[in-house]
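There are 2 protein chains.
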Amino acid sequence: MDKTIEHKDYLFKKVYDYVLHRIERNEWKEHEKIPSVRQLAFEMNVHRLTVLKAYQLLKKHDKVYVKDKAGYFVQSIETKHLENLNQSNPIVSAYLQKNHLSEIHQPAVSYQFSQALIDSNLLPNHYFSDYVKKVFDLYPKVLATYSTVQGDLELRETLTQYFINQYKTHISADELLITSGSQQAIHLIAQTFIKPRDVVLFERPSYSAAIDIFKAQGAQIVTVDIHPEGYDLQQLELYIKQYKPRLFYLNPTFHNPTGYTVPIEQRKKLVELAEHYRLLLIEDDAYHDIYFDEPPPPPIYTYDSAGTVIYIRSFCKYISPGLRIATVICQSSLMNALLTAKSLADNGSPLLNQKIFLHYFSSLRLQQHLEKIRIALQIRKEIMEEELAITGWRWTSPKGGLNLWVQLPNNFPTELLLSKSFEQNISFVPGQVCDPLKQLSSWIRLSYSYANEKQLKEGLKRFVAVAQSLSK
Amino acid sequence: MDKTIEHKDYLFKKVYDYVLHRIERNEWKEHEKIPSVRQLAFEMNVHRLTVLKAYQLLKKHDKVYVKDKAGYFVQSIETKHLENLNQSNPIVSAYLQKNHLSEIHQPAVSYQFSQALIDSNLLPNHYFSDYVKKVFDLYPKVLATYSTVQGDLELRETLTQYFINQYKTHISADELLITSGSQQAIHLIAQTFIKPRDVVLFERPSYSAAIDIFKAQGAQIVTVDIHPEGYDLQQLELYIKQYKPRLFYLNPTFHNPTGYTVPIEQRKKLVELAEHYRLLLIEDDAYHDIYFDEPPPPPIYTYDSAGTVIYIRSFCKYISPGLRIATVICQSSLMNALLTAKSLADNGSPLLNQKIFLHYFSSLRLQQHLEKIRIALQIRKEIMEEELAITGWRWTSPKGGLNLWVQLPNNFPTELLLSKSFEQNISFVPGQVCDPLKQLSSWIRLSYSYANEKQLKEGLKRFVAVAQSLSK
Chain A
1 MDKTIEHKDY LFKKVYDYVL HRIERNEWKE HEKIPSVRQL AFEMNVHRLT VLKAYQLLKK
61 HDKVYVKDKA GYFVQSIETK HLENLNQSNP IVSAYLQKNH LSEIHQPAVS YQFSQALIDS
121 NLLPNHYFSD YVKKVFDLYP KVLATYSTVQ GDLELRETLT QYFINQYKTH ISADELLITS
181 GSQQAIHLIA QTFIKPRDVV LFERPSYSAA IDIFKAQGAQ IVTVDIHPEG YDLQQLELYI
241 KQYKPRLFYL NPTFHNPTGY TVPIEQRKKL VELAEHYRLL LIEDDAYHDI YFDEPPPPPI
301 YTYDSAGTVI YIRSFCKYIS PGLRIATVIC QSSLMNALLT AKSLADNGSP LLNQKIFLHY
361 FSSLRLQQHL EKIRIALQIR KEIMEEELAI TGWRWTSPKG GLNLWVQLPN NFPTELLLSK
421 SFEQNISFVP GQVCDPLKQL SSWIRLSYSY ANEKQLKEGL KRFVAVAQSL SK
Chain B
1 MDKTIEHKDY LFKKVYDYVL HRIERNEWKE HEKIPSVRQL AFEMNVHRLT VLKAYQLLKK
61 HDKVYVKDKA GYFVQSIETK HLENLNQSNP IVSAYLQKNH LSEIHQPAVS YQFSQALIDS
121 NLLPNHYFSD YVKKVFDLYP KVLATYSTVQ GDLELRETLT QYFINQYKTH ISADELLITS
181 GSQQAIHLIA QTFIKPRDVV LFERPSYSAA IDIFKAQGAQ IVTVDIHPEG YDLQQLELYI
241 KQYKPRLFYL NPTFHNPTGY TVPIEQRKKL VELAEHYRLL LIEDDAYHDI YFDEPPPPPI
301 YTYDSAGTVI YIRSFCKYIS PGLRIATVIC QSSLMNALLT AKSLADNGSP LLNQKIFLHY
361 FSSLRLQQHL EKIRIALQIR KEIMEEELAI TGWRWTSPKG GLNLWVQLPN NFPTELLLSK
421 SFEQNISFVP GQVCDPLKQL SSWIRLSYSY ANEKQLKEGL KRFVAVAQSL SK
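Quick note, the sequences are listed as chains A and B, same order. Residue 402 in full-length UniProt numbering is what sits at position 402 of the first sequence, and the numbering runs on without skipping anything. Residue 207 in full-length UniProt numbering is what sits at position 207 of the second sequence, and the numbering runs on without skipping anything.
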């Protein structure tokens, strides 16, 4: 039996290598059609499943691509990082499958300016294990127990108290839902409130994963521009009256990707508009605590008395990505609908993660840790701004968050910049990916949060050199 | 500011108590309409939001219910545990919101025969914390790191090797997806493959949460009965030809709720039917390792060469419910579709949970632990069967799994048995809940896995007494 398995594994690898070698030796040229599954199976005297598996892996490694019903073709070197889904815009499609992209490119890219993640060295990894051990002492049966759908009551009460203290808002633990990260929160909201062809309002630009999620639900997206000073509220009101959107998904504090923060007066006005037009506001506040000089204005949610705001607060990025904990706050009738969706989706987030998070969140060390992160990120932001100064490109220096949103000169060849950067082991996010309308091709998002200071300097010098070579 | 918050909390509680007292003193009788939100707000001189919150909590505690646009009414005592969603069948609707039910009833119910969970005292809680500490030593940055969408490669490779060793199947780590429990796996599959009005085939009876999930996707459900010896394959084939279902959701090993196991000859035939009619088989195998005498037949999935089976293997129930880890196995083109859904749903399960699970799964202690669980559960099954012997009710003694599926005499008042049992602090699952056709009202599911031996004996004696009082 063992021989049979080894033999099958050997055959699979044999097919894979056979195809790869011919591609690498240029026996099969770029965009040339390779033998069909059936053909190669016959030629190599192996099972079709074996060839199919090898072809799937070659496709996943961007060595070949599939054209509708025409078969498999050799991938070209330039577009090999970009073409994967047969979509019309390869840059966009590549990033729309962003995790797929990171699986492909992560090992290869030394200068990572595309993922808005915090350098793991800035997180207090050593102390985490202390908290975890404490959790097991406090709750010996934590691994044997399911959480409720809504989330651990102790955690919800702790978070409730936190929000009451911070913002003088009055909410109760019943109005909180614990989700497995903000992605899940957005997805549950989209599933619960959006049916195909519902109109949803988005900022432009916005968070690409949220764009994907609402589109997957069949939503039609109408956009309102976000500026350093917020929105054009008159324009916003016109759109609301004209298109009657079901909801407005917004990220008004250290906005991703722009870094802009919507001022207080607008926050109050937004709530009034929402109540007047019966519009749900979905406030995604993932970057709230990552401020440089002073804390940002209170969440829009704290100005809401009519129950039109659903507030998403993720703690993942700067506390513990590996735990995946976020909370949603909203009034009861909205909460009941979300609970149904959550119960179908996974029946409750894992209890262990909630308890670990609870204890770390409640600790003094968290505050010290956040302080250090703020300082470290501000330094990195400044390094990035120094390195980019020579280009003459324009950006608004953000007061918090993880990214610079940079405007390239008109007609700058952004796609080429992307592929040349990849060749130099550098990644960033093209503006198109953050645009529901898929334009904004003169803009790029550069994250300063992931690379360390040395990598930032080296990588940005290289990046600037690549850009300059394209400007001639 | 603090005074204001305390005052608001006080008002909320005041309204809640006010209404509750009147109901308990019978000043407001069962099914009587209570004051509207606006009315009571005016009477008590509080904000409408305060009254609304109090009413929502009363509704959640089953003290009042809402009738369409008519307002709030006092809940009756008999149906108070059952009515919550304005659905036509209260028993079914109560259990369809099963977690809601457990939140309401868990504290009150001493004899828990409704939740197919394993007594946490049977799980090796003490040793878990050792494994967790080990994980932090091995992966110091585990909390600072996201998992990929598909799941930790090391875990997938370990599980792949496990399946290869167990079943002599040949799969690769690419064909595994890690999900946050089997609930999420079923949900992702429903979202990916089912559009409204697609027909899906279900066993009858089946797993109630799966029924809910597919119905929520708009599926039309066609059922095929499951018997102690499996299915009527001729009938099955007729249904497939007639209704052309997209998929067949099945649980062929220690089936929930019946405990039946589909024999090997049928497993092979099912795969042939699936391939012939291009039917997807969704094999949910959550109870595979909970066998009493000998291991069950290999999964249907191991007979599949055409890629028509999607295999779900959850380890939650008997390894660690608190971690929520399951794996899905299927061929690449199906996997790619699931990956898109998973990436939208939550972008990957938490890494910490996967690493903890990986190390525990790979340990010797797991085998010893499983052995103990099997023995303990077999003893509990036998205790339950002994206690029920006196009733003359009929059931097929299961060879594994967590439940007895018991047939009551014709016309037995099952609803009344349920409410009288609740009064005696006993819970079980009425057969209707497990039936896609919402009949099977003479059947009940009793789980022997949660209560300890003493609680089993006491609780079942009480239960039998209640049942006997209803037979007269």
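Take these hints with a grain of salt, some might be off.
Because identical chains share one entry, a pair is satisfied inside a single copy or across any pair of copies.
Taking lysine-lysine and the DSSO-like style, the derived pairs with C-alpha atoms no more than 30 Å apart in a straight line are [what the hints assert, rightly or not]:
hint : residue 1 : residue 2
1    : K420      : K457
2    : K399      : K63
3    : K60       : K33
4    : K29       : K67
Simulated from the structure, these hints should not be mistaken for laboratory data.
Among all the numbered hints in the text so far, which are the ones the structure does not match?
2
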